[in-house]
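> Now for the letters of each chain:
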Amino acid sequence: NAGVTQTPKFQVLKTGQSMTLQCAQDMNHEYMSWYRQDPGMGLRLIHYSVGAGITDQGEVPNGYNVSRSTTEDFPLRLLSAAPSQTSVYFCASSYNRGPSEAFFGQGTRLTVV
Amino acid sequence: QQQVKQSPQSLIVQKGGISIINCAYENTAFDYFPWYQQFPGKGPALLIAIRPDVSEKKEGRFTISFNKSAKQFSLHIMDSQPGDSATYFCAAISGYSTLTFGKGTMLLVSP
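Chain order of the listed sequences is A and B.
Residue numbers for the first sequence follow our numbering, beginning at 3 and rising by one.
Residue numbers for the second sequence follow our numbering, beginning at 38 and rising by one.
Read the hints as simulated data drawn from the structure, not as lab findings.
Just to be clear, a hint being listed does not mean it is correct.
As the list claims (entries may be wrong) - Which residues of chain B face chain A? A few of them, derived with a C-beta cut under 10 Å, are:
id, residue
1, Gln75
2, Gly78
3, Gly80
4, Ser131
C-beta atoms are modelled at their ideal positions from N, C-alpha and C, and glycine is treated no differently.
Put together the whole structure using the sequences plus the hints.
Given below as structure tokens:
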């Protein structure tokens with residue numbers, strides 16, 4: 003049972019480049035979400051999904067795009083990378099939205115130069 | 038607007054001592070309060086959680102104290118060990134909303 007798997011673990015991008023951060027879970031969880039973690043800022047919600055085909059914005063959605071075509075996968079797309087998007091990104095899943103345990107991936111450390 | 042305020046930002050405790058991390062919230066609709074523990078290079082993992090109908094929950098050396106009237110809750114780590122050195126996040130959620138995290142506390146337990 004792999005849990006939540008994120009790829010890649012590290013990435014360096016040039017300003018203006020686009021890329022997709024991958025997230026997959028094998029727990030059949032309906033709810034998936036993306037967070038970014040910055041020093042002193044905690045975990046801030048970017049986008050989330052309550053099931054296949056349903057996504058919504060979180061606290062800091064600008065510059066990011068998501069889709070959810072299957073229950074297992076929830077990729078995060080950076081449309082045109084900016085230095086302000088340098089961060090550690092975490093994908094999480096839980097049985098449902100609400101008071102249930104969130105399982106996090108190991109993170110992707112992204113640097114935009 | 039920060040909905041969950043966490044303090045301190047960092048904490049150094051001697052081995053065997055008690056680590057205390059505090060959180061405060063404004064939204065009285067919050068009804069589930071988890072704590073997450075994060076080791077360097079890893080994702081956060083659920084440590085312990087409480088609902089507002091109880092004032093205290095204990096799991097091993099970890100205890101959550103909850104004060105509903107003051108809208109505050111805290112994590113106590115008894116007999117702190119170097120292996121407890123990590124970043125701790127409090128969080129809150131209401132109904133089927135999304136998790137709101139505090140900004141985190143970096144705990145260092147010195148040998």
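> Indicate, hint by hint, whether the structure satisfies it.
Hint check:
Interface hint status for Gln75 (chain B): upheld, as the beta-carbon distance to the closest one in chain A is roughly 8 Å, under 10 Å. Taking 10 Å as the C-beta cut-off, the interface hint given for Gly78 (chain B) holds, the closest approach to chain A being about 7 Å. Checking Gly80 (chain B) against chain A: minimum C-beta separation of about 3 Å stays under 10 Å; hint holds. The interface hint given for Ser131 (chain B) is met, as the beta carbon of that residue sits about 9 Å from the closest beta carbon of chain A, less than 10 Å.
Going through the hint list in order, the structure satisfies each hint without exception.
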